[in-house]
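Enquirer: Fit chain B to the known structure of chain A by using the hints.
Number of protein chains: 2
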Amino acid sequence: MNSPTLPLSFNPAGIELDRGQGLSRQLYQALRQRVLDGRLASGTRLPASRDLAAALEISRNSVVRAYDQLYAEGFIEGRVGDGTYVAQLPESRLPIKKATKVSTGLSPGLPTGLSTKSPVLPGITSSKVIHSEALARVEQHHLATPQSGPPRAFRVGIPAFDLFPFEVWAKLNAAFWRKPDLGQLCYGDSAGEERLRGLIAAYLRSSRGMQCSAEQIVITSGAQQGISLCAQLLVNPGDGVAVENPGYRAAGHAFAIAGARLHGVAVDNEGFDCAALAGLSDCRLAYVTPSHQYPTGVTLSLARRLELLAWAERSNGWIVEDDYDGEYRYSGAPLAPLAALDRQGRVLYVGTFGKVAFPALRLGYLVLPPALVQPFAQRRALDVRHSEVSTQAVMAEFMAAGHFQRHIRRMRRAALSRRNALLAGWPVDIPGVGKVPNVAAGLHLTIPVDSLARERELVAQAAAVDVEINGLSHYWLPDSPLPQDRRAGLVLGFAAVPEAAIACALERLRRAWGV
Amino acid sequence: MNSPTLPLSFNPAGIELDRGQGLSRQLYQALRQRVLDGRLASGTRLPASRDLAAALEISRNSVVRAYDQLYAEGFIEGRVGDGTYVAQLPESRLPIKKATKVSTGLSPGLPTGLSTKSPVLPGITSSKVIHSEALARVEQHHLATPQSGPPRAFRVGIPAFDLFPFEVWAKLNAAFWRKPDLGQLCYGDSAGEERLRGLIAAYLRSSRGMQCSAEQIVITSGAQQGISLCAQLLVNPGDGVAVENPGYRAAGHAFAIAGARLHGVAVDNEGFDCAALAGLSDCRLAYVTPSHQYPTGVTLSLARRLELLAWAERSNGWIVEDDYDGEYRYSGAPLAPLAALDRQGRVLYVGTFGKVAFPALRLGYLVLPPALVQPFAQRRALDVRHSEVSTQAVMAEFMAAGHFQRHIRRMRRAALSRRNALLAGWPVDIPGVGKVPNVAAGLHLTIPVDSLARERELVAQAAAVDVEINGLSHYWLPDSPLPQDRRAGLVLGFAAVPEAAIACALERLRRAWGV
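Quick mapping for you: the protein sequence lines, in order, are chains A and B. In terms of my numbering, the first sequence opens at residue 159 and continues consecutively. In terms of my numbering, the second sequence opens at residue 159 and continues consecutively.
Because the hints were derived from the structure by calculation, they are not lab data. Misleading hints may appear alongside valid ones.
[To be verified] Dumping the calculated DSS-like pairs for lysine-lysine here, alpha-carbon to alpha-carbon at most 30 angstroms:
1) Lys337(A) x Lys337(B)
2) Lys329(A) x Lys329(B)
3) Lys329(A) x Lys337(B)
4) Lys329(B) x Lys337(A)
Chain A on its own, in the form it takes in the complex:
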């Protein structure tokens, strides 16, 4: 290939092009690489495109395109009446020189495009490159990342979404996209689509007794974003934040990365211990799950609800009320949320569609005291602008057409029936395992276990026969005062799979546990 007859100050030796690939792109990359690593010095004269094409046995067009690209990027420059030269680049141009590996020539066996690949971040570890204190805090925590993959018994946090009317949803989606309103596809309202906000407010008024208006609703990408926004807007670094202990760790993490000092507050059979909260003088915010405490399943008593509201009022504090599975109540109507009892605008209510539709939907909402709506919407605009628009529009239509209310009833019946399947088949007398509690609400239950060692053993034996059970020990803050063995238990979601699959899983468990 090398042609010694060409009058070049530039030597094309070593440039090998793969005939099966884009030739001009390969040539461009080979030349750029040589400029960057210094083999082609500033001021080097390049051959005329015709000559280089002949030397490399490719079309002149390919060379012209490669030169054009290098020219456009400033790697080469033309001098009038004189030809083409490698451009004058600043002395500091060569970041490649400090890399640990510099390819000294183009590997003959590889297309040149590939040979420009070089190691990224050699020798740099994550702890060296990330400066944020916040991240360091996250890394110290166990990340309560939910399990992924198809639903299995007894995954926590998964509703009976195999019953979701996907045909209806597909039709509503197709209808939205076939005749889209172009105005809706520009940038939207960061507080969310107006129609959906109105329908959510109406739903909460009728189903939860919340006297809220559409203007108080901010649509979020799931409950987690709602919690995260509360953390980012209401917590200053160093503020105390009270969380239930045991509790929803991902909420604690969201507050921690906003700079909160987390205080774990005990949960007894009336729920969150408000007297303990009152003793925490630096606390400005309490995160609670009153309908169905996560993960213990306790319902916060009315007396405690009022105590909590009085605390917020007295201390000018905030209550973040996560009503993640409030739709699921099996005896009596759902309890009135704190947000419905609040008269002073101290409660931020977190709702989600994930537990009624399906988790991957990532659609939720906040109900905010009116004065907070604008700051939250603004912050959201800077975080993410707004939620994906078709999901909002389709959910609005799903609600307006009555599918949503019907589906809630269907899901509640299904969850109840699956709860019953679990309770009916749960082995009695498992050594070291306590009594199954009364389960009046929610999608999961928690059973005490005598010791951490026994919890681990049971969870591992279950996993070995393809049954997911969470250890209660994972739901505690790391510095919990309770002895380790008092924190042990089994957390089981009962709604994720149909009754038959529950029965099979229980059969496998019985064998695995020998009971």
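Expert: Relative to chain A, chain B alone:
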């Protein structure tokens, strides 16, 4: 309605129920309200359900349901063999007492459900209730919120999405939802769907010369979330961050709320002034738009690109490269991004589908140095878990089937043709307005104006005839050293509407401006 013959210590006077509504719910609300505001004191004996039903002329069932709900919530309690009493509530129970308005009776004309509505947050203003320093910083800035509503000439940041193949998109959506993979609808990967990440990496390798792998991609809900994640993970409070001035204000805001001290760096005809950056000793991060500076349209020269990379290497700094409209280049091939030149893993590349598909899609991605992927994905899990899953799956299918590449070509042709329509019809000799620049890339152009007063006049006159033009003055940081009049100009997006609409808008502008 009041029946004096009943042996009650409880007086139902004033309870009026709207027959058109749910009676038990109204009764429940009326009673709850009376407990909360003290009209029904603890220990008050309630009438038997049969008696109250007779007194109110409603069915006994309705009373039983209301009592059940109050009982479940702890407002009332049963005493064995003795009847039903208002429960003993803690002394601190009455948040309503401090509200400015307390309804002293149920308005006769209103259903009782409505009468429980009371003012929320009376007398509290946003500045009193929000404690976060971060928010205070946001409030000081002008929020560069994009315009909403249907596309109009000459809205900035909007591609020719009237040409998007919505029929194809509708079909792909319907196909996804009709046969959903239940595993995909549980919680997903916070870094994004694997298939989409692979397709994006392949696209960037072929179209941008970036030697990146699927593992380096983190899917985001649009470019703004990518920028916001960079801010939250890489900036410590008090860190200096360099941004282009004029520049993309929403990026500056995202850094500011993470605690950054913003330094505006001037933009000249080679782009971002790297010499000025080198003089900023506290800067750890630079945010730049190299392909097509926002809003001036300048392309960062190769010399400056290498200088910038050398700065990052020398100072252990980060470069956030926002390639928001890199697909649009009208002469020569797109320039190689900084991320393709980076050999030290200092560049975080922000990409978006919003400028190729449509803005409301909210789908974008980061290409990260490998060591940063895990921290970013974890942070994202806490912020929002993951992006909506169907959008990711449908975009993956759209790319895999070749629609995406075809659509980019279609969009580039359309934007070029619309650019030409604007350039051809733009009035010459508008008093106080400079020359239209050479527009080789992007979706907008910027034209200098002599003074701020003239800019405002032109923008207002355009708005009066339904033409959107942004004043360049809005793109500067508040403390810019340049005199106000030197910051004036007109920013026009040329792709948002078809050629005929552009011609009409130009005709209206000519009349409005008298040229």
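Enquirer: Run every hint past the structure and note whether it holds.
Expert: Going down the list of hints, with the structure as the test:
no.	hint	result
1	Lys337(A) x Lys337(B)	holds, 22 angstroms
2	Lys329(A) x Lys329(B)	holds, 10 angstroms
3	Lys329(A) x Lys337(B)	holds, 12 angstroms
4	Lys329(B) x Lys337(A)	holds, 12 angstroms
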